[in-house]
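Protein chains in written order, with the working numbering: chain Y, 1 to 345; chain B, 346 to 690; chain H, 691 to 1035; chain F, 1036 to 1380.
No lab work stands behind these hints, which were simulated from the structure alone. You can trust all of the hints, since none of them are fake.
Calculated pairs, DSS-like style, for lysine-lysine (alpha carbon to alpha carbon, straight line, at most 30 angstroms):
hint, chain 1, residue 1, chain 2, residue 2
1, F, 1084, Y, 49
2, B, 394, H, 896
3, H, 896, H, 739
4, H, 739, B, 551
Beyond 10 angstroms from chain F on every Cβ pair, some chain Y residues (computed):
hint, residue
5, 23
6, 38
7, 45
8, 55
9, 70
10, 100
11, 125
12, 133
13, 139
14, 167
15, 251
16, 270
17, 284
18, 313
19, 342
20, 344
As the structure is a computational prediction, the values presented were derived from the model and not from experiment. C-beta: ideal position from N, C-alpha, C; glycine also.
Protein chains: 4
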Amino acid sequence: MTVRVGVLGATGAVGQRLIQLLEPHSDFEIAALTASESSAGKAYREAAKWRIDAPIPEDVAEIEVGATTPEDVPDDVDLIFSSLPSGVGAEVEPEFCEAGYVVSSNSSNGRMDEDVPLVIPEVNADHLDVLERQREERGWDGALLKNPNCSTITMVPPLAALDEAFGLTDVRVSTLQAVSGAGYDGVTSMEIIDNAIPHIGGEEEKMETESRKLLGGFDGTAIELHGMDVAASCNRIATLDGHLENVWVDTEDDVTVADAEDALRSAEGIDLPSSPDQLIRVFDEPDRPQPRLDRNIEDGMGVAVGGVQETTDGLQFNCLAHNTMRGAAGASVLNGELLAANGYL
Amino acid sequence: MTVRVGVLGATGAVGQRLIQLLEPHSDFEIAALTASESSAGKAYREAAKWRIDAPIPEDVAEIEVGATTPEDVPDDVDLIFSSLPSGVGAEVEPEFCEAGYVVSSNSSNGRMDEDVPLVIPEVNADHLDVLERQREERGWDGALLKNPNCSTITMVPPLAALDEAFGLTDVRVSTLQAVSGAGYDGVTSMEIIDNAIPHIGGEEEKMETESRKLLGGFDGTAIELHGMDVAASCNRIATLDGHLENVWVDTEDDVTVADAEDALRSAEGIDLPSSPDQLIRVFDEPDRPQPRLDRNIEDGMGVAVGGVQETTDGLQFNCLAHNTMRGAAGASVLNGELLAANGYL
Amino acid sequence: MTVRVGVLGATGAVGQRLIQLLEPHSDFEIAALTASESSAGKAYREAAKWRIDAPIPEDVAEIEVGATTPEDVPDDVDLIFSSLPSGVGAEVEPEFCEAGYVVSSNSSNGRMDEDVPLVIPEVNADHLDVLERQREERGWDGALLKNPNCSTITMVPPLAALDEAFGLTDVRVSTLQAVSGAGYDGVTSMEIIDNAIPHIGGEEEKMETESRKLLGGFDGTAIELHGMDVAASCNRIATLDGHLENVWVDTEDDVTVADAEDALRSAEGIDLPSSPDQLIRVFDEPDRPQPRLDRNIEDGMGVAVGGVQETTDGLQFNCLAHNTMRGAAGASVLNGELLAANGYL
Amino acid sequence: MTVRVGVLGATGAVGQRLIQLLEPHSDFEIAALTASESSAGKAYREAAKWRIDAPIPEDVAEIEVGATTPEDVPDDVDLIFSSLPSGVGAEVEPEFCEAGYVVSSNSSNGRMDEDVPLVIPEVNADHLDVLERQREERGWDGALLKNPNCSTITMVPPLAALDEAFGLTDVRVSTLQAVSGAGYDGVTSMEIIDNAIPHIGGEEEKMETESRKLLGGFDGTAIELHGMDVAASCNRIATLDGHLENVWVDTEDDVTVADAEDALRSAEGIDLPSSPDQLIRVFDEPDRPQPRLDRNIEDGMGVAVGGVQETTDGLQFNCLAHNTMRGAAGASVLNGELLAANGYL
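Excised from the complex, chain Y in its bound form:
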């Protein structure tokens, strides 16, 4: 049975990736696209400056873009994907939920709200059930599910595997993030050619809090943040796609490289259409993963790990994921699939 879906913020960088993923999707059918007022009423082809290096899907190109309000979305749409600036998301996402829509959102607003599940399906699918509390407390027919920030998603699958096996107490992470994470106009060429920027506004805090929620326990009612101490340092570099991260973890139990790589390689996946066959790929070559060479593994939905080494208190390793696929559009689609599989539509 095909689920009719809508995309809020369809013209942006993540919106375009959402369309690239949803158009050929076996279970989903694109039924509505929205954007800002200035785009409303135009054909998607006109409204979006398509910048993906694959052609714009012809049938989607002809869809008329609506404004980002529930009124502009047909009633028979069952699932909404949202990738809006957080200020806009904070305002309109609740309107859609109140109007009965189920929303899988990539927008950063509300991710740490107690009754909003923040989910990576392979990591903490059980948190989904906090939606019952959400519906009860907010009186919504719809529902709001969030995926984490792209830089958080890159490191959390390996952190989850290592936490389960050895227990994590401290995490230090330094990121080398691609420009696409800031949207099409987010980083100018004069800022980044022959340069790097050691600051991305709000990013460090997102990594520090979201990761603890994702690895936190859920007792059926409340999600308790994981007790580990997380400190992040975020950098923008001149790559187009793919966030590379250097991670140090202190572990409760003793750990060897061999045991750690075993734990990573055997991290369990989940049976959803867009989930990768192998969640974590571990490289033996010390100079991998690299953004250009490895961001597309598992169609951009895998997480690559390499350079695993023992330290005095635990481990250090590098990890990489495609920030607009695994880290954003693909994450939302996967969450939509999770909602469908669990009867939330």
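Place chains B, H and F on chain Y using the hints.
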């Protein structure tokens, strides 16, 4: 009084920077240039593929390049700057020292030898006196002084200031290093455009050991490594010059951002011709320092720090220095000036 | 019926693209790989530093690489693809032809030889028959077929279409070429970051002579160079793949943009497995084609044209093709298919 | 005697370069800075996002930015430098001229107006006198002088030298332009990393018309456009500064490389504070000039030429100039110096 100097490995990336610094130097005069056998006998203009964005000094361009052996260097040369591949350095530097030459070397061989001073003049000039032990034990008339690796030099001045003020127990550092650090042919364009490489062979170990020697104590005879635990993760990115580093330090004493910035800003310099007026510049803007904008502060001899934040166990901050100036050629020249000032020539 | 094929120079940049194209090929089966002496005897996985952003084909990875001599290639190989440095190609390609192998070569040696067909199948497939003269004169059982240089291939399909429609008298072309055209180690990162190089050794002459041979007449015996005057100016820029070219043509007949675009769009293709559905795609948007967005049209085998404008004496336009696909590996594979379709195997 | 100057549009990319040049200028003193309404009233330090890799001049940093109206500029300012978006320039520059200010403008509005001199001092200083007609016809006490577009300035000095020596009939030019030419936000990183864009809006027409005005004759009343046919093809590439151009010229007289290089090398300069010692530097190395290596010759005010070759109808060559120095800010400053030297202040 002008010191006549020679440059070993004068055609390489650091060799060219050495010439750029030495040619206008008030106290030094270039009297000999050496390179590999294939370049010997040619004019420097022919032997070197000059790639600095300032013209090749005309008088240096006409110097005939010699082979890298003591026989090809005039006797009246008092000071040798060496920037050779470590294998070559390990072989020929001792020959020069035995022949009576005083060598300020940027080559990585022998940096951790017990009787070889590894010096950043503003940090551990007192280590220079281990040269007396060196001369005695090795029977040299000459002497061998080393500067650290470029990625080590970038972080050690701030580490020294913080160690003195608060005591360091643990250091984690993630680097974003420029391609010039690998020499002209070290990184191909296909490796680095739209990419980053999370591995630089041997670099992590250099940072982990050299930093502990630089901050180590010296009792007049032996240098004791500092007891702090250092773990490094090294990355190559698409910048031309300037190594940017994200650092976490755990401190013995409590520390605030204000106290830390005070300690950094008041780090003492040294009175040598090439030393910067202010050793460490601290930025208030959270997105600084950046390689392109800040690598040239203090004529490329300063260290820039920004993003100082408190963590659970200490601090995190970013630092930056020009890797072929402060981190290599300038470091060697400064060490040469230190040798001259201390009567070793 | 499957043709068993060998690849000479299999570890290089074009060699890897050849393997990427040949491994899934419906008619060809990889039966032999050769490289330099130092690689011979190793598994391909070890011999090649695989740098394509798709995984190395597992079955090819296990093939033992041979030396580049006919003795190291099994007798039942029917077709050889060659991508060797021109000096090596000049030496060993004749040895293979003499030993009876049919060779589709991307190497630049011998392209202008009178009895060597230089072919783009959609443009001058009829030139193939000069092979009869070649076999007669050289006494070969095998045969040697060449594809042109990557920068030539990019402009010749549109030139051919315009020449047929309007007659060309003068061509001026300025190129913006990707670094992959120089091989993996051909352009260092220090040469090209924040830079462009207005010279590629021998490239201008290749474009000026090869294009006139490709558009030349063939009377069954001799190929006569086209009489048009061609002047090229070649530049290397910081793109990974895709050569972009600005072209001016003076035409014998009057020409309008509409007529020119018609002629380009209706350029006939050829019915071979790797040939594109549409040879030339014409963009209406003035800022297209762009290397990153358009190099992969028609699986990298199409030629993109845009910015068609009238000039005083004819037209100016921009064109783009994927230099290691349409311009090198794909060109050779297509030529191999042409050889097979015409009974030369 | 020091001239008090003002800068309109002082916070933009060219505005910052203007300040970098004017602050240490021997004859000029910065007395007023203006920007858009949103910046008015702020200190320049706050209003400008300083992005030059040299420190912001401390005394300029404290100047309060005014709005871009004559009322916000002190009466004792004698000379105005303008670098405004052309729409704004078209509106406010006449207001300044009417209020009595002499304006040296880099803005593109009005460059082809018959009574507006478009000047490169070394090329057509005599055109300056059309200002008398301008003042008469427009009733201005002030005056409006323009410098050409950055891509025009790069090629016109060599064109002028060749035209004088051999007579030019046709010019074809292909450009590889730096991102700074579009201003700080003009080109996004996602547009240009691993990419090139074969279109810059309006740029081709500017090159085609401005070059003919610059080389045109002036009879004391009217400027007659040069009769040569000029066709330009403009590309944006991933360089920060420095426009590189491939040029073909057809000449009336026969020409050899030696004669052409003589004509270029002996192009006369002009005796103004900011003019270079040698206007045109000709490289013998075929791979020069290159943007990163050569944009700073003569402090960014020289024009570099290389790759001079004979063609059937004339010559081809490459040229390069620093687009925000020689091509914009430096061009305006030089024009300001020309105005001062000719008694227009």
